[in-house]
Amino acid sequence: MKTDKPACSLFCGPNCGWLGPVDCLEWPLINEGLELFKSEDHPQYQLIKKDVLKSRNRELVQLFDNGVGIHHAGMLRSDRGLTDKLFSEGLLKVLVCTATLTL
Numbered sequence: 289m290k291t292d293k294p295a296c297s298l299f300c301g302p303n304c305g306w307l308g309p310v311d312c313l314e315w316p317l318i319n320e321g322l323e324l325f326k327s328e329d330h331p332q333y334q335l336i337k338k339d340v341l342k343s344r345n346r347e348l349v350q351l352f353d354n355g356v357g358i359h360h361a362g363m364l365r366s367d368r369g370l371t372d373k374l375f376s377e378g379l380l381k382v383l384v385c386t387a388t389l390t391l
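So for the sequence shown, this note's numbering puts the first residue at 289; every next one is plus one.
What the hints contain is simulated information worked out from the structure, not anything from laboratory work.
Backbone N, C-alpha and C fix where the C-beta goes; we use that ideal spot for every residue, glycine too.
Any given hint could turn out to be false.
As the list claims (entries may be wrong) - Using 35 Å as the maximum straight-line C-alpha spacing, the simulated DSBU-like pairs for lysine-lysine come out as follows:
#: 1; residue 1: Lys342; residue 2: Lys326
#: 2; residue 1: Lys381; residue 2: Lys326
#: 3; residue 1: Lys326; residue 2: Lys337
Claimed, not checked - Cβ-Cβ distance ranges computed for the label pairs, FRET-style:
#: 4; residue 1: Pro331; residue 2: Ala361; range: 16 to 26 Å
#: 5; residue 1: Ala387; residue 2: Gln334; range: 27 to 37 Å
#: 6; residue 1: Pro331; residue 2: Gly362; range: 25 to 35 Å
#: 7; residue 1: Arg365; residue 2: Leu341; range: 29 to 39 Å
#: 8; residue 1: Lys338; residue 2: Ser376; range: 27 to 37 Å
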């Protein structure tokens, strides 16, 4: 399902570290901008959240509720695949990624 809400990808080079850009997102989250990224109104949110909670990647799990995702080579292939799916279906509004992303 595609949504009419815009999405954003932040591409990081191999030496920038992926967590830095995620840390930058804390400002809007702390300053009541959280609703901007959330996807709780998505019809598949509760169903897909169950899949997300099965992941052993704690950052993926923690960021999901905020509509933010990560994608990098250090993740398991299954987690990268899940992130691809979440972003392409509009459940993630912001994706911080390296060149590993192949949508």
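Tested hints:
no.: 1; hint: Lys342 x Lys326; verdict: 20 Å, holds
no.: 2; hint: Lys381 x Lys326; verdict: 7 Å, holds
no.: 3; hint: Lys326 x Lys337; verdict: 13 Å, holds
no.: 4; hint: Pro331 x Ala361: 16 to 26 Å; verdict: 32 Å, violated
no.: 5; hint: Ala387 x Gln334: 27 to 37 Å; verdict: 32 Å, holds
no.: 6; hint: Pro331 x Gly362: 25 to 35 Å; verdict: 32 Å, holds
no.: 7; hint: Arg365 x Leu341: 29 to 39 Å; verdict: 19 Å, violated
no.: 8; hint: Lys338 x Ser376: 27 to 37 Å; verdict: 19 Å, violated
The earlier numbered hints that this structure contradicts are 4, 7 and 8.
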